[in-house]
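Participant: The primary structure of each chain is shown beneath.
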Amino acid sequence: MTNDLLLVAPLLAALGSAIAGALAAGRATAQRVIGVAGAGALLTSAVALVVHVHATGIATTQLGNWPAPFGITLVADLFSALMVLVTGVVALCVAVYAASENDARALGAGFFPFFHVLLMGVCGAFLTGDLFNLYVWFEVMLLASFVLLTATAGPSALRSGLAYVSLNLLASAFFLVGVAVLYGVAGTLNLADLAVKLGQPEAREAARPVAALLLVAFGIKAGLFPVFFWLPASYPTAGVAVSALFAGLLTKVGVYALIRVFTLLFPLQDAGGSVALVAVASATMICGVLAAASQAHVRRILSFHIVSQIGYMVLGLALATPLALASAIFYVLHHIVTKTNLFLVGGLIRRAGGSEALGELGALAVRRTGLAVLFAVPALSLAGVPPLSGFFAKLQLLRAGLDAEAFVAVFIAVAVGLLTLFSMAKIWIEAFWGEAPENAAPDPTLPRGAVFASAGLALLTVALGLGAEGLWQLANEAAATLLEPERYVRAVLGARS
Amino acid sequence: MTTLIVRTATRYLMPLLLLFSLFLLWRGHHEPGGGFVGGLVAATAFVLLAIADGTSAARRLLRIAPVRLVPVGLATSLVAGLGAFVLGRPFLTGLWPEAGIALGTPLLFDVGVYLTVVGVVLTILFALMEEGS
Chain D
1 MTNDLLLVAP LLAALGSAIA GALAAGRATA QRVIGVAGAG ALLTSAVALV
51 VHVHATGIAT TQLGNWPAPF GITLVADLFS ALMVLVTGVV ALCVAVYAAS
101 ENDARALGAG FFPFFHVLLM GVCGAFLTGD LFNLYVWFEV MLLASFVLLT
151 ATAGPSALRS GLAYVSLNLL ASAFFLVGVA VLYGVAGTLN LADLAVKLGQ
201 PEAREAARPV AALLLVAFGI KAGLFPVFFW LPASYPTAGV AVSALFAGLL
251 TKVGVYALIR VFTLLFPLQD AGGSVALVAV ASATMICGVL AAASQAHVRR
301 ILSFHIVSQI GYMVLGLALA TPLALASAIF YVLHHIVTKT NLFLVGGLIR
351 RAGGSEALGE LGALAVRRTG LAVLFAVPAL SLAGVPPLSG FFAKLQLLRA
401 GLDAEAFVAV FIAVAVGLLT LFSMAKIWIE AFWGEAPENA APDPTLPRGA
451 VFASAGLALL TVALGLGAEG LWQLANEAAA TLLEPERYVR AVLGARS
Chain C
498 MTTLIVRTAT RYLMPLLLLF SLFLLWRGHH EPGGGFVGGL VAATAFVLLA
548 IADGTSAARR LLRIAPVRLV PVGLATSLVA GLGAFVLGRP FLTGLWPEAG
598 IALGTPLLFD VGVYLTVVGV VLTILFALME EGS
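Heads up: the protein sequence lines correspond to chains D and C, in order.
Each residue of the first sequence is one higher than the one before, starting from 1 at the first, in this note's numbering.
Each residue of the second sequence is one higher than the one before, starting from 498 at the first, in this note's numbering.
Hints listed in this document are in silico derivations from the structure and should not be mistaken for laboratory results.
Everything numeric in this text was worked out from a predicted model, so none of it was measured.
We put the CB at the ideal spot given by N, CA and C, even for glycine.
Just to be clear, a hint being listed does not mean it is correct.
Just the calculated beta-carbon pair ranges, DEER-fashion [claimed, not checked]:
no., chain 1, residue 1, chain 2, residue 2, range
1, C, 569, D, 463, 41 to 47 Å
2, D, 459, C, 523, 55 to 61 Å
3, D, 203, C, 562, 48 to 54 Å
4, D, 480, C, 584, 32 to 38 Å
One side only, chain D facing chain C, incomplete, derived with CB under 8 Å [unchecked claim]:
no., residue
5, 2
6, 4
7, 5
8, 8
9, 15
10, 16
11, 19
12, 22
13, 23
14, 63
15, 64
16, 65
17, 321
All chains, please: the whole structure from these sequences, using the hints.
Facilitator: Shown next, in the form of structure tokens:
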């Protein structure tokens, strides 16, 4: 009973807020209250879920009381629960930011209902125990994100929105073909049941092409080399709150799906990792960071850095040792918090300086000391400067790389870290130091809620760095569960097999 | 399009279509039909009226803005799913009365789907028709 409630609660919180928001359409104050309260409810239910899963192990529920593998299964292992938790944190901060950004037009156009539909899709993808349902949740996310992308930025964003949606539809097509082939081979789409069926050598052999299809599909969603170009083209065009939500969560759902599929269905840990995936991850790191170095627009620089950071996470998966996987999980959690915050700060920079082009900014450190601190914390964390969370994430990943003797990848990771620092320094020098531009706008006051939201995430970044031990332990437990698919199978299917 | 033939035919067809949509909704649990297809047929009835007499007439007859039907429908389905929690069952478990007719929570769920589909389809189609004129 507890499982039944706790697993559905995050989805119900999001769906309920979406419905309430739609019923209160057109009333800006009600929108703000419902939007923030709904995100708070999501966070609360996520905390309860993590506590429960940590105490009692993998939790499952069968929607409609149809037993697995026939019905719709929701599963939360520690990894899923942690992902839902960080989703709740990001949701609350972005909701507060969006509510105080005071854009009544965007709020009237249904920002918060679609915001919550998007969150429902994200949480659904983390919690589902069925491959076809994962596809459905991806489509829920895609639908909501397309509306958010185009509605918050006006007609000019339609072109980038179309590129975004067509690339993601292509990914969905790959995904769907993979799902169909897998169903033909194994006759089931329940993840636990699939894990059992694919344990047979002949089924695994027949399903091999599916691994490639799913890699391409999730690779597009995650922004892996060489299919990442849609991401920097679309994210910076959206409104600030929307782009922060996308930057933090959406690509990480792709990473989550990769980790889930390549530990449960096609276990990389049994194959001793994948050299090909290490190569893809390294190429992703390099391409993202080099492309970022050539940009001169705050959120566009940050978008390319998403790509390069995705490389680090996938590197952890590709090495597939317990240490590597734990550091990948830690990296994902750290990155969601940090990157969301950087995008929020990017929005604050635009407000304070009147622009996001580095050439039109300057001397913000003098005029806006607080903003400078708000930018410095996540930026240094992203680059991996101690004692912030990014340092610990990178350190563990490098240790894992050295243990696995992937020296080239480790060298690339270190070099890319330095280049990331260079990129952040570039924003710092151009926007916060230097001469104030001649036609500098008179400083508008920054919305207080937005500053609070960003400061909250910055504090969390510091806390994750100083108190890394606690989260590292959770990440290790989550990785240990992932590396033993039998536990997942037993939790879903019971002692049947 | 607003010829006498279309308008007269609409007057007879519309009630039939609406009744048929309810019939589909009702039989949907065990036989082909259900909230989705029922909602589509009901939306067709209103679109037919909009073709014959204009969207303003169809909107007047509907009384409520179609986009408002969407959250109402979703809420109905959500409540139908929540009912299972009261009896300690997993979300969305179908609850049936001990004996008698099949008036369980799945029907309520389907009513929600019906309303949502009518709302979405009419929101889109009315918007397209009004853009053209």
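Participant: With reference to the structure, classify each hint as holding or not holding.
Facilitator: Hints versus structure:
Under the hint 41 to 47 Å, the C-beta atoms of residue 569 of chain C and residue 463 of chain D, about 43 Å apart, fit the expected range. Between residue 459 of chain D and residue 523 of chain C the beta carbons are some 56 Å apart, a value that agrees with the proposed interval 55 to 61 Å. For residue 203 of chain D paired with residue 562 of chain C, a C-beta distance near 52 Å keeps the hint of 48 to 54 Å intact. Restraint check, residue 480 of chain D to residue 584 of chain C: a C-beta distance of roughly 37 Å satisfies the suggested window 32 to 38 Å.
Of the supplied interface hints, the one on residue 2 of chain D is violated, with its beta-carbon coming no nearer than about 11 Å to a beta-carbon of chain C, more than 8 Å. The criterion of a C-beta within 8 Å of any C-beta in chain C is met by residue 4 of chain D, whose closest approach is roughly 4 Å, and the hint holds. Among the interface hints, the one on residue 5 of chain D holds; its C-beta lies about 7 Å from the nearest C-beta in chain C, closer than the 8 Å criterion. A distance limit of 8 Å between C-beta atoms decides the matter here; for residue 8 of chain D the minimum to chain C is near 4 Å, and the interface restraint holds.
Annotation: residue 15 of chain D was flagged as interfacial toward chain C, and the flag holds, the nearest CB pair being 6 Å apart, inside 8 Å. Nearest Cβ of chain C to the Cβ of residue 16 of chain D: about 7 Å, under the 8 Å cut. The hint holds. The beta carbon of residue 19 of chain D is positioned within 8 Å of a beta carbon in chain C (closest approach about 5 Å), and the interface hint is therefore held. Given the 8 Å rule on beta carbons, the hint for residue 22 of chain D holds: about 4 Å separates it from the nearest Cβ of chain C.
The interface hint given for residue 23 of chain D holds, since its Cβ lies 5 Å from the closest Cβ of chain C, which is under the 8 Å cut-off. Satisfaction of the interface hint for residue 63 of chain D is found here, the shortest Cβ-Cβ separation to chain C being roughly 5 Å, below the 8 Å cut-off. For residue 64 of chain D, the suggested interface contact is upheld, since its CB lies about 4 Å from the closest CB of chain C, less than 8 Å. For residue 65 of chain D, the suggested interface contact is upheld, since its CB lies about 4 Å from the closest CB of chain C, less than 8 Å.
A hinted interface residue such as residue 321 of chain D counts as satisfied when its beta carbon comes closer than 8 Å to some beta carbon of chain C; here the least separation is about 37 Å, so the hint is violated.
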